[in-house]
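Knowing the structure of chain A, use the given hints to seat chain B on it.
Protein chains: 2
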Amino acid sequence: MKAKIIITPKKAVLDPQGKTVQTALAQMGYTGIADVHIGKYIEIDLAPGTDKAMAQKMLNDAAHRLLSNPVIEDYKLELE
Amino acid sequence: MKAKIIITPKKAVLDPQGKTVQTALAQMGYTGIADVHIGKYIEIDLAPGTDKAMAQKMLNDAAHRLLSNPVIEDYKLELE
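Chains as they are written, first to last, in this note's numbering: chain A, 322 to 401; chain B, 322 to 401.
Only chain A is shown next, with the shape it has when bound in the complex:
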């Protein structure tokens, strides 16, 4: 089983990395880009036979405690 966690800065938080990339894209001649947000992508391979509900609970907890900063970041967890 594989888990994907996407961590993005909250909308209200300044995203300097995204702004920098947006400016760079514009300067390189790529037009029509309204906004850029940059976050982190974490892919976790779970040991075979892991219970899906247990894994969901564990990874939500881990995402909250270690992987993201809940003050300034949102995360989205997908299990497949």
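The set of hints was computed from the structure by calculation and includes no laboratory data.
Given the structure is predicted, the values throughout are model-derived calculations rather than measurements.
Accuracy of the hints is not assured; some may be wrong.
Identical copies carry no separate label here, and so any pair may be met within one copy or between two of them.
Within a straight-line C-alpha distance of at most 16 Å, the following computed EDC-like cross-link-like pairs (lysine to aspartate or glutamate) qualify [stated by the list, open to error]:
hint, residue 1, residue 2
1, Lys-325, Asp-356
2, Lys-332, Glu-364
3, Lys-361, Glu-394
4, Lys-373, Glu-399
5, Lys-397, Glu-364
6, Lys-340, Glu-364
7, Lys-361, Asp-395
8, Lys-331, Glu-364
9, Lys-373, Glu-394
Just chain B, lined up with the frame of chain A:
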């Protein structure tokens, strides 16, 4: 229209960030984690009325030239 780009280190490339997170999760008592890979997530808002095929071509080019390092990273582009 929104584009999502996920950039991950190639499988053959060492992923020290992923290994560190894997070790940290194990030390915090989260078990059953076989592997962790960490990459970047880029969300791009396109101006309304952008042509989908044009945007796809432009963003593939931008991902190759600026957003990812094709020597050590793979990227996946999704338009929606």
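Right, here's what the structure says about each hint:
1. Lys-325 / Asp-356: between (24 Å within a copy, 12 Å between copies)
2. Lys-332 / Glu-364: So Lys-332 and Glu-364 pass the 16 Å test across copies only (12 Å; inside, 23 Å).
3. Lys-361 / Glu-394: Close inside one copy (10 Å) and across copies (14 Å); limit 16 Å.
4. Lys-373 / Glu-399: within (11 Å within a copy, 26 Å between copies)
5. Lys-397 / Glu-364: both (12 Å within a copy, 14 Å between copies)
6. Lys-340 / Glu-364: between (25 Å within a copy, 12 Å between copies)
7. Lys-361 / Asp-395: both (11 Å within a copy, 15 Å between copies)
8. Lys-331 / Glu-364: Between copies only: 13 Å across, 21 Å inside.
9. Lys-373 / Glu-394: neither (25 Å within a copy, 30 Å between copies)
Taken one by one, the earlier hints fail for this structure only at number 9.
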